[in-house]
Amino acid sequence: MADHSPDAGDVQSVGNGLFWLGKAVVGLITLGLLYIAWLVYVTGQPLFGMCLLITALGFFMAYGFRRYYYARFIFPGAAAVLLFIAFPVIYTIYLGFTNYSSFNLLTFERAQNVLLSSRIVDEDTKRPFAVVRDADSYRIYFPDDSGGFLSDPVVLDGSEANLSADPVSDEPANQLDRREAVQLRTGLQAVSVTLPDGAILRSAGLREFANVTDEYTLLDNDQLRNNLTGAILTADHSQGFYVSDTGETVPPGWRVNIGFANFERIFTSAGIRAPMVEIFIWTIVFAVSSVVATFGLGLLLATILQWEHMRFRALYRILLILPYAVPGFISILVFRGLFNQNFGEINLILDALFGIRPAWFTDATLARTMILIVNVWLGYPYMMLLAMGFLQSVPQEQKKAAILEGAGPFRVFFTITLPQILPPFLPLLLSSFAFNFNNIVLILLLTGGGPDIPRTIIPAGETDILGSFTYRMSFQDSGQQFGLAGAITLIIFLIVTCIAYANFVAMRKAVNKGGNI
Amino acid sequence: MIVEDRKSLRIKKILAHAFLLLFIAIIMFPFLMIVSISFREGNFSIGSLIPENPTLEHWFLALGLEYVRPDGRVIAPPYPVLLWMVNSIKIALFAAAGALAIATISAYALSRIRFRGRVAFLDSLFIIQMFPTTLALVALYAIFDTMGDISTTIGIDSHLSLVIVYLSGVTLHIWTIKGYFDSIDPAMDKAAAIDGATPWQTFRYIFLPLAVPIMAVVFVLVFIGVINDYPIASILLRSEENLTLATGSRLYLNEFEYLWGDFAAAAILSGVPITIVFLIAQRYLVLGLSEGSVKG
Chain C
1 MADHSPDAGD VQSVGNGLFW LGKAVVGLIT LGLLYIAWLV YVTGQPLFGM CLLITALGFF
61 MAYGFRRYYY ARFIFPGAAA VLLFIAFPVI YTIYLGFTNY SSFNLLTFER AQNVLLSSRI
121 VDEDTKRPFA VVRDADSYRI YFPDDSGGFL SDPVVLDGSE ANLSADPVSD EPANQLDRRE
181 AVQLRTGLQA VSVTLPDGAI LRSAGLREFA NVTDEYTLLD NDQLRNNLTG AILTADHSQG
241 FYVSDTGETV PPGWRVNIGF ANFERIFTSA GIRAPMVEIF IWTIVFAVSS VVATFGLGLL
301 LATILQWEHM RFRALYRILL ILPYAVPGFI SILVFRGLFN QNFGEINLIL DALFGIRPAW
361 FTDATLARTM ILIVNVWLGY PYMMLLAMGF LQSVPQEQKK AAILEGAGPF RVFFTITLPQ
421 ILPPFLPLLL SSFAFNFNNI VLILLLTGGG PDIPRTIIPA GETDILGSFT YRMSFQDSGQ
481 QFGLAGAITL IIFLIVTCIA YANFVAMRKA VNKGGNI
Chain E
518 MIVEDRKSLR IKKILAHAFL LLFIAIIMFP FLMIVSISFR EGNFSIGSLI PENPTLEHWF
578 LALGLEYVRP DGRVIAPPYP VLLWMVNSIK IALFAAAGAL AIATISAYAL SRIRFRGRVA
638 FLDSLFIIQM FPTTLALVAL YAIFDTMGDI STTIGIDSHL SLVIVYLSGV TLHIWTIKGY
698 FDSIDPAMDK AAAIDGATPW QTFRYIFLPL AVPIMAVVFV LVFIGVINDY PIASILLRSE
758 ENLTLATGSR LYLNEFEYLW GDFAAAAILS GVPITIVFLI AQRYLVLGLS EGSVKG
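Quick mapping for you: the protein sequence lines, in order, are chains C and E. First residue of the first sequence? That's 1 in this note's numbering, and the numbers climb one at a time after it. First residue of the second sequence? That's 518 in this note's numbering, and the numbers climb one at a time after it.
Quick caveat, the hints were computed from the structure, so don't treat them as lab data. Where hints are given, some of them may not hold.
[Said to hold, decoys possible] Calculated pairs, DSS-like style, for lysine-lysine (alpha carbon to alpha carbon, straight line, at most 30 Å): (1) K400(C) <-> K509(C); (2) K400(C) <-> K524(E); (3) K524(E) <-> K399(C).
All chains should be modelled from the sequences, with the hints used to inform the complete structure.
What follows is the structure, given as structure tokens:
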């Protein structure tokens, strides 16, 4: 876009044309982005709309002015990271301070509209109806013992109309069949018909008209009157519900800021705090033991594979990294089947050999053991590959010197090799910890968090880690508790930030030492 | 080594091979099992590890074909595995191409153009890259849920939404490609600048052709990463015909309909191509992983 060099002077006119074309394209795209930002703002995501607005302005600055030429290269990456990583993380945490959930899903305007569009149908006044074709328009016919009533003609194009109906003695011809009448339902919903006795009928379903009244009348923006009972509902913006005089809340609610209420729930409600603590401890245990076990096993295998007397090293290497090469979701599901209590092949073998059938999915300790086994299986090849790279950088002379001095292989490994590979390995180990800390794919696909922890308010499982816990809270069985999930996300965020910072420092150190790989 | 005793060396070798062979046997167990299960009759284990009456039923179903059992019963495929595969590949190709374009351009600027805030930008990329998508799921769902009110093509249950989200996962790849660009001789771009090339032209005609190998690696990395993604796809995709392999495969093993045998065939069918791509790419992958993260 607009990538013309200043010295294209000999083709001035063509250059000029391209120049203005480029400017026009930049302008159009900017306007398009601004329009989308506006639409998003109006549909109830003002914050994301703001982000899009910033993106639009950034786009205009970068591609519209030569001054910011260099920003053109960075802009796409920066915009993608801003819109779909940085903003969503911050927004999720922001939601932790709101009551966003399946009960408080809408904006205030929409929740109000839902209430205002709710109607009461007077069952006694229900009358079946038929639609009669009359040239280019239609009439609505209400059959009766004495013939019925036929309305004035109406176009049924969706515009509001008040019709009056007159008694007729015979059933009119040209009645539409049910299927055709159903197709006109949008038009039918917009009309009301006044019968000679003064009753006003509106569409009340696909087959009948009846006396339909709005359930609520809007008094002022924050008050509604129930037309049936006369009760007054007042909007309570601190909890996001319309509340009656007696204190009852009327769904649907809307999203409001509730400050630290979610955090209070986490730290004070026993039904949440107890499982939270348990899940937190298990998350740490799971992440630490996964890293230690995969690192140890990977390093051991790498050391054996690096041994120059070994034959078939290339073949072993390929076979050993297979678990890493197979897509993770497939391996995890395979293990889910193999470990199955009744139909799984692992229990089949254990039964044949030892006569036991461990309950891998219903016993907490066994489920956690299974998760660790599977995770080591999945994770050791990565560590092995990395270790093989780092091991090559350890100078052979030092090892030989140590052996000449009479050191055994273990002594050599722990005093020469390990101290040299550990510093460059540290950032990768920290990354691995951060990865496992949030390894929700493994948990969700293998156990789904289960077995459940007893006596909790929200579903929490013995094998849930913090990430899978919030995932299940938001998107599974317990009713989209986005607010609470956001609050827990803040806790995860703080921990990940600490790890990320430590990793950053470790990496800088490794670089300054002139990390020899 | 230097003064190694021949006999003890031999024993050590035998021990090492024995250990590796035993280990590999354990590691391979799930793979061998799943092959055997895919040829076994029915969806439940029947007490033996090797199929007694091998059948191709699960393979027919995995390939989307109806299978006629000897007793005349016709079994229809339970899930559209091939469709899921096409979905996965389609999404992954678009995401990989887009992410590659973004990452290459950014990496070039970060490697060659000394603009203000460059180091800060690089550092923040490194830190952001550590934050898992888990943290953003709720917001991503909320954002695309409202975007769906504007147009369903960028709402929930749309492949385009998924591709857009995957494009943002470029941070690590920017680092990888930048590391590669850093190793290109600066004399090259000086020469280009003297001949009057703009930074864009230097990028287009000097760096891009040189970067083809690393770009291939990053492409494969993003491709595999997208195919393997479960969390984002699981919240953004809804209807069965829109699912990807990772989100669809899960349906086989639910408590109400346990299709173990059908899953086995489908898993092999979809897993083998991805595994082969990965094995070809893995040498470069490790190179990128260690270099991209350590070279500053």
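Exercise. Are the Cα atoms of K400(C) and K524(E) separated by 30 Å or less?
Worked result: Roughly 20 Å between the alpha carbons, so the hint for K400(C) and K524(E) holds.
Exercise. If you draw a straight line from the CA of K400(C) to the CA of K509(C), is it 30 Å or shorter?
Worked result: holds, 28 Å
Exercise. Holds or violated: are the alpha carbons of K524(E) and K399(C) at most 30 Å from each other?
Worked result: holds, 22 Å
Every hint, counting from the list given before, is met by this structure.
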